[in-house]
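Q: Letter by letter, the chains look like this.
Number of protein chains: 2
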Amino acid sequence: MSNDQKLEDVLFYLIEKTNKVIRRYSQIRFIQAGLDITVDQWLVLKKIGDSDRITQIDLANSLYKDRASITRILDLLLAKKLVNKVEGHDKRSYELNLTAAGRKFTDQALTIVKDVRRKGLQSLDAKEQDTLRASLQKIIKNLE
Amino acid sequence: MSNDQKLEDVLFYLIEKTNKVIRRYSQIRFIQAGLDITVDQWLVLKKIGDSDRITQIDLANSLYKDRASITRILDLLLAKKLVNKVEGHDKRSYELNLTAAGRKFTDQALTIVKDVRRKGLQSLDAKEQDTLRASLQKIIKNLE
DNA sequence: TCCATATAATTGATATATCAACTAATTTAA
DNA sequence: TTAAATTAGTTGATATATCAATTATATGGA
Chain A
33 MSNDQKLEDV
43 LFYLIEKTNK
53 VIRRYSQIRF
63 IQAGLDITVD
73 QWLVLKKIGD
83 SDRITQIDLA
93 NSLYKDRASI
103 TRILDLLLAK
113 KLVNKVEGHD
123 KRSYELNLTA
133 AGRKFTDQAL
143 TIVKDVRRKG
153 LQSLDAKEQD
163 TLRASLQKII
173 KNLE
Chain B
33 MSNDQKLEDV
43 LFYLIEKTNK
53 VIRRYSQIRF
63 IQAGLDITVD
73 QWLVLKKIGD
83 SDRITQIDLA
93 NSLYKDRASI
103 TRILDLLLAK
113 KLVNKVEGHD
123 KRSYELNLTA
133 AGRKFTDQAL
143 TIVKDVRRKG
153 LQSLDAKEQD
163 TLRASLQKII
173 KNLE
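In the order they appear, the protein sequences are chains A and B. Sequential numbering from 33 applies to the first sequence in the working numbering. Sequential numbering from 33 applies to the second sequence in the working numbering.
There's no promise every hint is true.
What the simulated footprint calls covered on chain B by chain A, stretch by stretch (three residues with Cβ under 8 angstroms from a Cβ of chain A suffice, anywhere in the stretch; the number is not a length) [as the list claims (entries may be wrong)]:
id, segment
1, 36-45
2, 72-79
3, 106-120
4, 161-170
I should point out that these hints are in silico values taken from the structure, not numbers from a laboratory. Note that the structure is predicted; figures quoted are calculated from it, not measured. Virtual Cβ for every residue (Gly too), placed ideally from N, Cα, C.
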């Protein structure tokens, strides 16, 4: 037995746990709604929908994912015909956008996602949410 | 383009990003210190060190990991001879504990980990840390 | 112009997460 | 007491994360 702080009391461990709880709950809600998508696929889909002809590099940077992960997640979204991959002006790159099915799917998923956000934050008022946001940004700044 | 909140402004997305930044920074520090271990292996090692003859089920529950993940992480820690796996009173289960090398390794890693915690939280006073903890626990309660 | 360097994306290897199926051991209940 | 149900752990399949190596294309400088 160590004389150190127990893992359960460590703030960084609580952040990890919170993230897992959010992801698990979101995934369950997607499944219950009959939406065949993972949380990571959702994030990629949403970012493409929010962007204008985004490239894989920009997707990776804004989602804090590796380029390799983006390639593989896109393979699955392409197979589901939710995303289009168009050769870019620069022939090394591609420009991504949603298909009609992708836009429809995104709308459906967004209903679920907004409900998860509402439920997860229901006991935190606006001030508390702002404080939380500020604290997390400080941690990121300290370690990035 | 959607009329919805951008991903970057979503609190849950910020929690995910914070978690990633903490993990990446920790992993880099382990590597720089010559410690051949992943963050997940560290969490398992630390929990075993903090516990008395813990079983895999209890490890999984307290770390919010799947039993299957615990099996595979333990395989690697066993190969590194940092952990012992002893048949439990109940013959279906095993009791885990650290080897002498495991204890030594844990002490070294703990130095790094404490420094990461200090650095990451350096601009947050005790009150702000308590508020952050409370907010995260509310989110967990709302979704668990 | 041509070569060296840089960049976008892919692929392979290993680690982890999740789910389902499975084995072995234990407990419960008829 | 024995059959059914439960529990601990493992294994296989698929998704994702990370790192390194590779391909194709682009760019900058001699």
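Q: Does each hint hold? Answer for all of them.
A: Hints and how they fare:
Figure legend: the segment 36-45 of chain B, annotated as covered by chain A; annotation consistent (8 residues with Cβ-Cβ distances under 8 angstroms, at least 3 required). Requiring three or more residues with a Cβ within less than 8 angstroms of a Cβ of chain A, the coverage given for the segment 72-79 of chain B holds, as 3 such residues are present. Residues of the segment 106-120 of chain B with a Cβ under 8 angstroms from some Cβ of chain A number 0, which does not satisfy the need for three, so the listed coverage is violated. For the segment 161-170 of chain B, the stated coverage by chain A holds: 8 residues have a C-beta nearer than 8 angstroms to a C-beta of that chain, and at least 3 were required.
Going down the numbered hints, you'll see the structure goes against just number 3.
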